[in-house]
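Undergrad: Take the sequences, apply the hints, and build the full model.
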Amino acid sequence: MTCEQIDRFFDQQWSGRDQAVPQQVAEHLQKCEPCRQLFRLVRRTAPEWEVSPEHQARLTGAVLESLEPVLPLARRQFTLDLLGAFLVILLLGIAVAGVRSPWVMSAGQFVTVTLVLAAGAVMLALSLARQVTPGSAQKIQPGVLLAAIAATFSGSLLLLFPWDMSGRFWFRGLLCFSFGAVLACLATVPLWMIVRRGALLSPALTGASTGLLAGVLSAVVIHLGCPMTTAPHLAIWHAAVPVFSAFAGFLLGHFSGDHPAGSSGPRT
Amino acid sequence: MAGYQRADAEAAAELIRQLSPVLFRFFASDLATRAFAEDLLQECWLRIHKSRHTYLPGEPLLPWVFAIARHTRVDVFQRRRRIESHELALEGCDHCAAPAAPPDAQSGDLSRLLDHLPESQREVILMLKVAGMTLEEVAGSTSSTVGSVKQKAHRAYRKLRQILKQSASERVRP
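Residue numbers (my numbering), protein chains in the order written: chain A, 1 to 268; chain B, 269 to 442.
These are calculated hints, taken from the structure and not from any lab test.
All values derive from a computational prediction rather than experimental measurement.
The hints are all genuine.
Covered stretches of chain B (in silico footprint by chain A; criterion: 3 or more residues with CB under 8 Å from a CB of chain A, positions within the stretch not fixed):
id	segment
1	275 to 289
2	333 to 345
3	410 to 423
Label pairs and their in silico Cβ distance ranges:
id	chain 1	residue 1	chain 2	residue 2	range
4	B	ALA275	A	VAL88	30 to 40 Å
5	A	LEU91	B	ARG348	46 to 56 Å
6	B	GLN434	A	PRO190	54 to 64 Å
7	A	GLY61	B	GLU352	27 to 37 Å
8	A	SER166	B	ARG347	52 to 62 Å
9	A	PRO162	B	GLU352	51 to 61 Å
10	B	ARG285	A	ARG76	24 to 34 Å
11	B	ARG285	A	GLU68	14 to 24 Å
12	B	GLN419	A	SER178	44 to 54 Å
13	A	GLY98	B	ARG349	49 to 59 Å
14	A	VAL88	B	GLN286	41 to 51 Å
15	A	ILE236	B	GLU282	52 to 62 Å
Pairs of lysine to any residue residues, derived as SDA-like cross-links and limited to a Cα-Cα distance of at most 25 Å, are as follows:
id	chain 1	residue 1	chain 2	residue 2
16	A	LYS31	A	THR2
17	B	LYS427	B	SER416
18	B	LYS418	A	GLN5
19	A	LYS31	A	ARG8
20	A	LYS31	B	GLN430
21	B	LYS427	A	VAL25
22	A	LYS139	B	GLY326
23	A	LYS139	B	GLU404
24	B	LYS418	B	GLY400
25	B	LYS433	A	CYS32
26	B	LYS433	A	GLN37
27	B	LYS418	B	GLU404
28	A	LYS139	B	SER416
29	B	LYS418	A	PHE9
30	B	LYS418	A	CYS32
31	B	LYS418	B	HIS384
32	B	LYS433	A	VAL21
33	B	LYS418	A	PRO34
34	A	LYS31	B	ILE431
35	A	LYS31	A	GLN5
36	B	LYS418	A	ASP7
37	B	LYS427	B	VAL342
38	B	LYS418	A	SER136
39	B	LYS433	A	PHE9
40	B	LYS427	A	GLU33
Cβ coordinates follow ideal geometry from the N, Cα and C atoms, glycine included.
TA: Shown next as structure tokens:
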């Protein structure tokens, strides 16, 4: 047996305290000093690493004092609530901003950008549901997802639309950005109320994800309402809205993170 | 845990009785947090209590608990570091009590060895070998994959062996 095989033995559910050691492992341990030392260290639990009975009694008393029944927060329901709120705010935003782009963009441009934004929104909602449920495996790390959505959105705008700086770049751009930023800030509030029902383990990251979701919503609204179809306008002013709102969400999460993990308290 | 969610006092007390020792070992076996392991345990239970509605009945419990525990450890440690960075040391204060020695003086070298590891590797070893979790449970707690947990654990074992070898050769030298 080699040291690498000992590592694989450690991989098994073996905490070293109350389980027998296989013969082959014992033989290697007799021969290999570093493995033997490592084995001894892992096996040992220092006596002062035990919680005192008084402290345990205090903990039990404190928990039982405020014990009330709670309803488990189903991840699927949470995701649906988030997407439902997203759709309602989206429709309100479209009602205010109107729809112009389908008539000025090509079908390919319109469908691609809409699909990128819709996929981003669904993935963010799924990621948020996992972020607020402790112990959930994340298929894509939240930070990577934020960067991937921002990069895909900006990249598709740069690839699909012509590079043309003419037209009212600054005026039209600031108009789109300010409308989008205000809408994103407004959308963040109800989305954050839903997100707070879960456990906020990393408030800043969860805030950034919520902000980006609101930003994506806002980007869909201005994407539908804006008649300008040039790459600089879309990639700078439209893409700036999700980036801005993700940063605003990050600050919101960071500064409301004084009571992490279920800041809204349990639902009875 | 389902009983705890239904406000069954006996179930809650049993859960605390079973989980507290494991959580305490997780906090106490880290040199950086050992001095306030009891505070950490209390803070952790506060967070578990507040977030108990986010546990899904039927899912493995330890990944849920340890996801909360590891964030508690990091948050409380950072908070204490922030506070300590603003504190001024009193000099020449005869009547002041001497600071209490951390209780790690006699307690085995594992924590000291783990201190040489990067945070992510140390955390994985603590969960696997001190809390006695499986690879799958650690992967759930750290929001990563089993492969990534294995890789971190194996790197940690290699590094620990190196340190043990070094210290052994230093002991041999006159």
